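Asker: Following the hints, put chain B in place on chain A, whose structure we already have.
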Amino acid sequence: MKVTSEDELAEIVRGRADGLRIQGGGTRPVGRPALGDVLDVSGLAGIRLYEPGALTLVAGAGTPLAEVEAALAAEGQRLAFEPPDWRGLLGTTGEPTLGGMVAANASGPRRVQAGACRDALLGVRFVDGTGAVVKNGGRVMKNVTGYDLVKLMAGSWGTLGILTEVSLKVLPAPEAVATLVFRGRDHVSSADVFARALGSPYDVTGAARLPENAGEAAETYVRVEGLAGSVAYRAERLAAIFPEIGAPDAILTDPGENARLWRRISDLDVFRGTGADVWRISVRPSDMVAVTERLSGAQIQLDWGGGLIWAGVEPGLDLRARLGVFAGHATLIRASEATRARIAPFQPEPAAIAAISAGLRARFDPRGILNAGLMG
Amino acid sequence: MDMPVPSDSVLTRKAAIVARLRRLLPDDAVIDDPAETLAYECDGLTAYRCAPLAVVLPRSTEEVAATLALCHEEGVPVVPRGSGTSLAGGALPTADSVILGVARMNRVLETNYTDRYIRVETGRTNLSVSGSVEADGFFYAPDPSSQLACAIAGNIAMNSGGAHCLKYGVTTNNLLGVTVVLMDGTVIELGGAHMDAGGLDLLGVVCGSEGQLGVVTEAILRILPRPEGARPVLIGFNSNEIAGACVADIIKAGVLPVAIEFMDRPCIRACEDFAHAGYPDCEALLIVEVEGSGAEIDEQLGLIRQIAMRHDPVEFRESGSEEEARKIWLGRKSAFGAMGQINDYMCLDGTIPVSSLPLVLRRIGEMSREFGLDVANVFHAGDGNMHPLILFDANKPGDLETCEALGAEILKLCVEVGGCLTGEHGVGIEKRDLMNVQYSAPDMEAQMRVKDVFDPKWLLNPAKVFPLDASAGRRAG
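Chain order of the listed sequences is A and B.
Residues in the first sequence are numbered from 0 upward in steps of one, following numbering that gives the first Met the number 0.
Residues in the second sequence are numbered from 0 upward in steps of one, following numbering that gives the first Met the number 0.
There is no bait here: all hints are sound.
Some residues of chain B that are not near chain A, with every Cβ distance over 12 Å (derived):
(1) Asp-280
(2) Ser-320
(3) Glu-365
Quick list of in silico lysine to aspartate or glutamate cross-link-like pairs, DMTMM-like style, CA-CA up to 20 Å:
(4) A:Lys-134 <-> A:Glu-10
(5) B:Lys-251 <-> A:Glu-50
(6) A:Lys-134 <-> B:Glu-444
(7) B:Lys-395 <-> B:Asp-373
(8) A:Lys-134 <-> A:Asp-6
(9) B:Lys-332 <-> B:Glu-271
(10) A:Lys-134 <-> B:Asp-451
(11) B:Lys-13 <-> B:Asp-31
(12) B:Lys-166 <-> B:Asp-142
(13) A:Lys-134 <-> B:Asp-432
(14) B:Lys-251 <-> A:Glu-68
(15) A:Lys-134 <-> B:Asp-442
(16) B:Lys-166 <-> A:Glu-81
(17) A:Lys-134 <-> B:Glu-415
(18) B:Lys-251 <-> A:Glu-174
(19) B:Lys-166 <-> A:Glu-50
(20) B:Lys-332 <-> B:Glu-322
(21) B:Lys-166 <-> A:Glu-174
(22) B:Lys-450 <-> B:Asp-468
(23) B:Lys-166 <-> A:Asp-202
(24) B:Lys-251 <-> A:Glu-74
FYI, nobody ran anything at the bench for these hints, they're computed from the structure.
In this text, all values refer to a predicted model and were calculated from it rather than measured experimentally.
Glycine included, C-beta positions come from ideal geometry on N, C-alpha and C.
Pulled out of the complex, with its shape left as it was, chain A reads as follows (with noise of 0.2 Å):
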């Protein structure tokens, strides 16, 4: 099924009775396999408005996100949030669409410094389970009016209601770039390296680290970015802040090579096609090196100043188990649909939690027809 309206669209829902697997660009099968026909709403697309001077986006939805970068690539902006590409990661070969990354909360290393996915997003309309329209928020940067159902859509995978449009907040791409490179520092090592670098005064950009791989070995990188100028002076800052560890051995100023770079990190290159399991823990970043230390054998990549742990590991583990009692979360991103049938993608809830979880799902779609029980 292939809509071409949002009219189009609530009529279908408001018609149905079994499941609906709501689809963009079908780049992110995620979470626990969700039962019924697919409905495609790529069909939504456009894009409906952008004021570079306003810093704001509005888009159809099914909109590709490379139809967006590249129209915001030609006034020199961009999606602050960086968000990640899984295809390499996932297999899959579809067009990545603007619902498709705020249904799942994509957001990449700038996350850091620039906010989520969910920080930059204004609005929504969507069609929840019951066929009804609903707009939240709208087009500018600060709106309180009402509650905030924008937040909740992101990251709600498509479970409350089927994204139709959504208005983004836009920023000027920089003038220039440098990323400090650190090589085989472990991961005691560059948490140190993250918390100084983040708890500087210069604005960093994205704090990641890339496991050895092949012969190469690890590295742990500190990224700037901004004016020309300033970049150079806060690089240069920045390498002198690590008397410990001594100061960084390459600092990476090209712009196309930072530019590959950051998107091997933001993209999960290192997992592509190994065959693991590929889990994402969030964590306090003091903790990573405790949690990490539970996870021996497994490939690990950093993100987020160590505050983002993705494992590769061995397929059909139940990580949570290995990983004991952690305050924050693990969702099993990438396994066979068998694996993620049996172990819950998304970390339980408290009960208290959980309950209010069901009580929304249960009134945003009292059918239960929007990709039922893919979070659990």
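Answerer: Below, chain B without anything else, positioned relative to chain A:
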């Protein structure tokens, strides 16, 4: 302003309810003497007043939970209150409600510079959060202009902003976790010191819910390293249109100032008379502030000067010293005080797309003449958050009503051009009856469903946010 008829059943049981509260809580935590509850009859929106049934001032999450559980059982509405600085009537009591004030819960519970967060009880004031990390070179970014007095609890309830959110975002972008007590007394924790939600983003919907989903007693706030320095420039223009175009060009150019403030002529005049900041005599003023090291500031200001010069400003004033920087901000910061000295005023809070700035300012000028009340404009131009101040005389019969009617027209205009009713103050009771200008019935239904889940009896902060007719069926149940 219509408010629901207070529940007779609650009013007649006042003595019994207060007695139960006293058994549950320390002696000094419950206030029911009408002479004392009078102090809680309004918040910053003083035009509306109503003394509550009683006031409870707990000292811990446990006491909050016990209070809520009791009120839930007794069917007593509860109005949460931080410092009571709301400009929207967000903490206005009803006669049958218990005010639950968190002002005594103001401790810092944990400061963590490695992970850059601070955990506080929510009665703590906004400014004192920054104050407690300042010596270590950190700050808490959201800075509403009431920051000396306003509490984090209220900031979270209203998703407060401030002058510097162009760069740093508003409360929701700086809030990592909360401890929330639900109306039935259940305590839950949402978020934490990690950076995102594991399931549905409930933290995101609690923030900005105007105290209607739960009482937030503790918060984990993101703190940021203080920039090396900051410096403002003042740019004067001969028309609002040109100033608006300059704002758009600065934003497009890729410099992201931390603040771009805009004042129109009536506001400039009043501030100048009041604060003698030495502002130029012109139609529109911008104050643009950038941050960084001295050289970085020079680099950014160089670019801003280039852009401003293309718009032929009547003045471009850089600050060469702390004192000059202070003088540039002086007038802006005293704007509300200056207005208060010459008149009663009502402060609006609509947000508009930045591109509509000239049109909206022109229309406000026309409406001002039509209604016969002066309007001064001072606002956060970078993010389109307007603060038109409508001047009126509270002692003149009919003036308040005319002022409210003009305010409603201005807010409708904000929505019409693609903006919203409120950018940072919240709906409260003030804009409650305008909600249907911005939202359709299904839009509000979706929001009210969220309240159904968190507060099925609709006891928390009653009669706010949603028009009374829209919520009638639910409140009765």
